[in-house]
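Trainee: Same order as they appear, the protein sequences are chains S and P. Per the numbering used here, residue 978 is the first one in the first sequence, and the count goes up by one each step. Per the numbering used here, residue 978 is the first one in the second sequence, and the count goes up by one each step.
None of these hints come from the bench; they were simulated from the model. Bear in mind that the values here come from a model prediction, so they are computed numbers and not experimental data. Take these hints with a grain of salt, some might be off.
[Said to hold, decoys possible] Cross-link-like lysine-lysine pairs, in silico, DSSO-like; alpha carbons within 30 Å at most:
id, chain 1, residue 1, chain 2, residue 2
1, P, 1179, S, 1305
2, P, 1212, P, 1124
3, S, 1300, P, 1124
4, P, 1321, S, 1321
5, S, 1305, P, 1124
2 protein chains.
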Amino acid sequence: MGSEMDMGSEMERNDPNPSRRGVLRAGAKLAAAAAAALSGGRAVAGGNGGNPENLPPNLPEWGRTLGAGVIEEPYGTPSRHEAHVVRRYVPWLTADRIGSVSFTPLAELHGIITPNGLCFERHHGGYPDVDPNDWRLMVHGLVDRPKIFTLQDLMRMPTVSRIHFLECPANGGMEWRGAQMSGVQFTHGMLMCCEWTGVQLKHIFAETGLKPNASWVLAEGGDASHLSRSLPIAKLLDDCILAFGQNGEMLRPQQGYPVRLVVPGYEGNVWIKWIRRLEVGDRPWYHRAETRTYTDLLPSGKARQFTFINEVNSVITYPCPEKPLHGKAGFVEIKGLAWSGLGKIARVDVSVDGGDTWRTAELQEPVLSKALTRFRIPWEWREGTGPFYLQSRAIDETGRVQPSVHALREVRGVESIYHNNRIHTWLVEKDGTVVNVQIDG
Amino acid sequence: MGSEMDMGSEMERNDPNPSRRGVLRAGAKLAAAAAAALSGGRAVAGGNGGNPENLPPNLPEWGRTLGAGVIEEPYGTPSRHEAHVVRRYVPWLTADRIGSVSFTPLAELHGIITPNGLCFERHHGGYPDVDPNDWRLMVHGLVDRPKIFTLQDLMRMPTVSRIHFLECPANGGMEWRGAQMSGVQFTHGMLMCCEWTGVQLKHIFAETGLKPNASWVLAEGGDASHLSRSLPIAKLLDDCILAFGQNGEMLRPQQGYPVRLVVPGYEGNVWIKWIRRLEVGDRPWYHRAETRTYTDLLPSGKARQFTFINEVNSVITYPCPEKPLHGKAGFVEIKGLAWSGLGKIARVDVSVDGGDTWRTAELQEPVLSKALTRFRIPWEWREGTGPFYLQSRAIDETGRVQPSVHALREVRGVESIYHNNRIHTWLVEKDGTVVNVQIDG
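The following block holds chain S by itself, in its conformation from the complex (with noise of 0.2 Å):
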């Protein structure tokens, strides 16, 4: 660690009275007197041999009055003090909030899990207040026994609980185009990552039978939009979900609420939320969401459809514009996220100089299959140094490696908006600003 730990050589003794807390309720005047004197935090105690009367220096109010009661929030809320963490939007983005998009704050995030109050939202018809007593799923076509669920009998099938990402394809999107979001929240936060719990697919279709040319099945959600996607029967039966279930709790709103698709892998919009109907087919459908949107085009002019994987991507969660370095000169971890819709992650490598060398990060465990991973590298970084190139390239469990944006541009060319998981780069300047750049790396 740098000199910047030391807190300075300031001492004081506190008052080794062991009836010093009776004094202090007693004496609250004196006690906040002497708290306001200390609480700037460069008083350092002595080592004390293992005294236990001695009181850390400051000692402010909230550390003298009795606190808040138990279900004083039957259910929890985050600091007041945590405020600044919140989904935003990018009122240019979309003609208004209801076909939108808001986006996780990557930032402020830890681990891998995302909290199911930050994670960000997709709606196409906006999301709606469903009453579960009202939620059916219709499971239709070519089937033996054509079947309409109720929530109740979803949730008392067999379930399962499974760690997966999920993430929109046009995560990166804009970057592509040529804006240059002002932060991770932006460049990368149609990102998530939680602990789903449901049914899968593949007990349903055993309750309903399949249709021997049964190959491919049209997941409609029941909102006002029908989002409506074609997916391969196989993936459904694989790995695929029926959740009610998000990191312990039942789904929220925003997230489909009661019953939503998780397609472990596959892109964010064919996770279909409030779902109402998978009609069971033997072809695509081509509807609207797998023709106009959510195809790739090519430079040739012709576009790739049914791109379902989102592959091996990785970006730096601090250092970032959001998070710079100012006054943190010595040691810095390097922090940041890596996924990949084809299993795990195994391996990242970070680079400071724009991709002339690279470092292997740590891995946080557990590694998940189709889950973020967390990686983490220390970095020694000095004001006035630099300018620092960021980068982060993820390799995963099929040997595949996260494309710089020059190879990736040699393939699909600029005008593709989805599947962009090209290698980020982030400035850090002498200062220890951070700024979002593409560099050819």
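Take the given structure of chain S and dock chain P to it, following the hints.
Mentor: Coordinates of chain P only, in the frame set by chain S:
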């Protein structure tokens, strides 16, 4: 699946007209009438051979009108239909809500992550409203370089995230002393499992250095109660964390915002909240919370002291008194949680006959050390049969087996309140009612 899953045989064919949605928008009155007629959920669609124009039978209002936009809630909250999922307390248990406890609604939870809004509370002097800029941690005593850390100091050090359970050792204590609590929220609800992020204590002590005779540490809370506990320094150096993150975001005020101690596997009261002081010494301090309380009184009149570890335990969370089986004849998925303060759960057995016969449940991956582990096992239940006595018995990777009530009483007598990890029993009556009972299984 039982025949109860069959939703009946009534058939409804929806209008195959592709412009039906336009009609619905134009003719809201007609559509509303149709929706009302169909939303009872007894209607079943026919097998339609993949015809994409068929619509599910119920078209509630929320599926025909635009919903709320993004950032309607910058920080999201649960659906209003989940208002019953809250922490609760027991009025007769404590004199007030300041020195009290609230309980996690285990019956309503899924998976292993406890959402932050529902984590149980245990306060000794209420919970303070801490301005993170005022927070300080003093580390002193048998160290080479006493130091005071600010939150900024802590957050820039090397960090780690770990998923661990946190349990009050009094969990089940009311039962042990004869109370028959009405549901799993109160029998086992002083329990949570979260992803904790922070700085390992080994890094803190690397900063301060340790004197050769350093062997115990006093951890003191900054709230008005200044709850203080002595801990072996070997444990702190092994796997303990000064945590500021919980499930991806900053700790909630009720959980020690901005910083608490995470002591994996140890009883909750040593996970000091709003921590302000770590004093290093060469022996325990024998403070109030390790002499008057949090000791285990044995039949001999002697008390076990510093019994930190919450040993192997489990509970069935479905069915339970809050979630009975009325009208649920047929397939039942028995679900529960298991945990051990000594490592991973190796196996969970389930009995429906009060321990005469056992079947081994499936464990939900990932099975993590000192974390909740979800177990599940199928059961066929018929109304009018029974009564059944449901029990779960967990075994951890050290080979320790959750004891019967009888075995635990042989050793501990009946005066001990804490560390009651006996096998728990739910009685399922013939009509599906679930009752909390104690049997000598």
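Trainee: Take the hints in turn and mark each one as holding or not.
Mentor: Against the structure, the hints come out as follows:
1. 1179/P with 1305/S: With a Cα-Cα distance of about 22 Å, the restraint between residue 1179/P and residue 1305/S holds, given a limit of 30 Å.
2. 1212/P with 1124/P: holds, 21 Å
3. 1300/S with 1124/P: Judged against 30 Å, a Cα distance of about 25 Å means the pair holds.
4. 1321/P with 1321/S: The hint holds at about 22 Å.
5. 1305/S with 1124/P: Answer holds: residue 1305/S to residue 1124/P is near 18 Å, not above 30 Å.
Every hint from the earlier list agrees with this structure, and none is contradicted.
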